[in-house]
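Chains as they are written, first to last, in the working numbering: chain A, 1320 to 1772; chain B, 1320 to 1772.
Hints may contain errors.
Unchecked claim - Below 25 Å or equal to it, Euclidean Cα-Cα: the simulated BS3-like pairs (lysine-lysine) are:
(1) Lys-1394(A) / Lys-1562(B)
(2) Lys-1354(A) / Lys-1661(A)
(3) Lys-1562(A) / Lys-1394(B)
(4) Lys-1354(B) / Lys-1661(B)
Worth flagging that the hints you see were computed from the coordinates, not collected in a lab. In this text the structure is predicted, and so the values were computed from the model without any measurement.
2 protein chains.
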Amino acid sequence: MFGPLLTDLYQLTMLQAYFDRGMNQSASFEFFVRKLPAQRNFLMAAGLEQVLEFLGGLRFSTEELDWLASTERFKPEFLQSLQELRFTGDVWAMAEGTVFFPDEPILRVTAPLREAQLVESRVINLLNYETMVASKAARCVLAAPNRLLVDFGLRRAHAGEAGLLSARASYLAGFSGTATVLAGMRFGIPLYGTMAHSYVQAHDDEAQAFEDFACSQPGNATLLIDTYDTEAAAHKVVRLAAKLAQRDIGIQAVRIDSGDLAVHSRRVRDILDQGGCTAVRIFASGNLDEYQLRDLLDAGSPIDGFGVGTRMNTSADVPFLDCAYKLTEYAGVPRRKRSEGKATWPGRKQVVRRLDAGGQLSGDVLALQGDEPGGAALLQPVMIEGRRSLAAPGLEASRDLARRQLAALPESLRALESAAHYPVEVSAQLQAMARWVDSRTLEVGARAEPGRA
Amino acid sequence: MFGPLLTDLYQLTMLQAYFDRGMNQSASFEFFVRKLPAQRNFLMAAGLEQVLEFLGGLRFSTEELDWLASTERFKPEFLQSLQELRFTGDVWAMAEGTVFFPDEPILRVTAPLREAQLVESRVINLLNYETMVASKAARCVLAAPNRLLVDFGLRRAHAGEAGLLSARASYLAGFSGTATVLAGMRFGIPLYGTMAHSYVQAHDDEAQAFEDFACSQPGNATLLIDTYDTEAAAHKVVRLAAKLAQRDIGIQAVRIDSGDLAVHSRRVRDILDQGGCTAVRIFASGNLDEYQLRDLLDAGSPIDGFGVGTRMNTSADVPFLDCAYKLTEYAGVPRRKRSEGKATWPGRKQVVRRLDAGGQLSGDVLALQGDEPGGAALLQPVMIEGRRSLAAPGLEASRDLARRQLAALPESLRALESAAHYPVEVSAQLQAMARWVDSRTLEVGARAEPGRA
């Protein structure tokens, strides 16, 4: 959807400098989250599929190269090299739907330095967003198990691609479907829809609006009943149901979108039941998040399904992750950054997960790749030399993995409230390597400053 | 960039129902924000240009129609009508860059009902996002006047289109430019870039990394100095500057991205000045927002420019606006919604702005179109019968308007802290119309319920 120019300018100026010096040896970069937000007990990996599509399709068009040339920032030989650039590297990654924790890489790119560097901005852009939304959506799923949960958030998602990808990330995390039509077409996600207030308002008569819609979508209609007076509208639905029953047309559900949803849903349930409409479901929406889902269900509200929008699609309480894509090895030498408060672990790493006897997550180890202890190794090769080494699992399989991952979470991490941190141990070898890298950097730094020697 | 299927399913099912009943008279919808977030004293309109492009290019492709047919949700005659559908309506809007307040429509669509309804999801999706970002960016501009402000937020913007459009919205609001290359190509926005930590790490020697980069971008290089030890790196820059001066190559700036920016910037300024590098600028970045910009400048930090990213691009403290696109008139009859806490003003409206003798905003009036009091009418026709009636003003002109709008804000609204609300008066005629619409709805509602009569 977006080509290589959806990137930060410095990627291109760094590439030019690497080109000038002929630097293009193998580099490894890892994507990870530095810190868990206070409102999250775990994160759920998502976005890998979009990253692999981006890497697989990476190339500069003639139009893009001409435009770059017109900026007069780049040398012709360098632009020529971009024309031929393809992604030829390896990618190891956690499967989408996997639960993960801070400092654990969920993706590692190993490629010639320029390729691995160029893709940074878009890789972060995709993984940060889908992971953030899947993690938020997973909390809604935990708060409202066995309820219909539908993504309603396209309109306040942050522009178009976020609307599309949040439908995907929330479905992956366990939502039932989305209202976003394009997500149905692109990803095969089940679509759900109701009606808008404007539909009711465009009619002079609310009951007529309901009848028109029910006849237009026979058996499939969800009627929005809060435009004027929720309970009065519920009575209209009862009368309409009796009328339509003679024509064998059913009404699937009613939707309530305002006011105290617990109170209205109980009153509406009573009205519907007393009117013989026991099969008509109640669907609720309106600025919902996982806390409100839990509170409504704890209060015994007779709500069968929820439209969850804005707060999920924008991950409103945590609208970004403290994530990074960092160089961990270049030309066979492990690297790390030591900036204040932002130090990273060097080397190509693996995440090993251990389960207890009941199959629940009991602790992870962050280790050096190839030197890892026993347990399930979460990073697997998904692209080798620019080609997929594993067939894409498909969204349904990823969703199934996510479901199993949530089921394997310790009870404390399933809570909406902040829990004690899940144990992630850093292997002794990795710690030793970090010390070695630091000592080496100091040494090299000292060597490089003759004035100090 | 996205076609008509980036919409909510209910838009299409409502259209099917309207089609079944032959309902397609003229409808007016208005986009407005219901409530000002506590952390904002004003909003800045943005996104109109993208909305007009979307409306002007609205059509269903054969592939889209075939896919819709495959869902078996729609009747063939209806899908046939979609094939011919174009946007033929009128749009009145506030110019991008205009400051506005709650309940004030910034855009009105008047079109055959189905066209006006179909576009709702995408219109909100675009206006909500760009307006939210421009409003946040404007606060950064007010907090750091006369400083270089650069959008650095692509990577944590919510997927690709948000990265692209936040570059546009922040530039419109007064930012100096962006790091997002595609925004330079698409919108002509000035590009800025520095270097990444990985660039320094990929070299065995920090000083060598600086030298390579400065030679690759002669006179244009901003060197990132916090990878290992900020002050030590500043000393390296001084030595490098002396060396490069012999080759007539200058260093433009250094960037600090971590630690206490006030402390480091002072120390680095001293090191640079004592080393004769008085022309080398200091650029700072790292989770900045308007509050930190203000605090850093209040502390007298010698920082010449700021990279502002994540918190601006995600509008992290206000990641969505309480906005809506509501039917206000259908078939010549004004309409309103009365849902609890979400009632709207009926009819086609105009916003009239009054200025005081000093040219500062003194109060707005929300009035019925054609019945407005004296003052500047902010909504102007920008599209008539599906064609632009005004040439697009161009991003530079919109940016200039934004600058003048910020200059005309009363001092209290320019503060970062919450101010008393700006006065927006609802005209007596509009209030009377709302009462009339309510009484009419009740009457119609009563008539429509024979059981109650």
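Now for the hints, and whether the structure bears them out:
{"no.": "1", "hint": "Lys-1394(A) / Lys-1562(B)", "result": "holds (24 Å)"}
{"no.": "2", "hint": "Lys-1354(A) / Lys-1661(A)", "result": "holds (10 Å)"}
{"no.": "3", "hint": "Lys-1562(A) / Lys-1394(B)", "result": "holds (24 Å)"}
{"no.": "4", "hint": "Lys-1354(B) / Lys-1661(B)", "result": "holds (10 Å)"}
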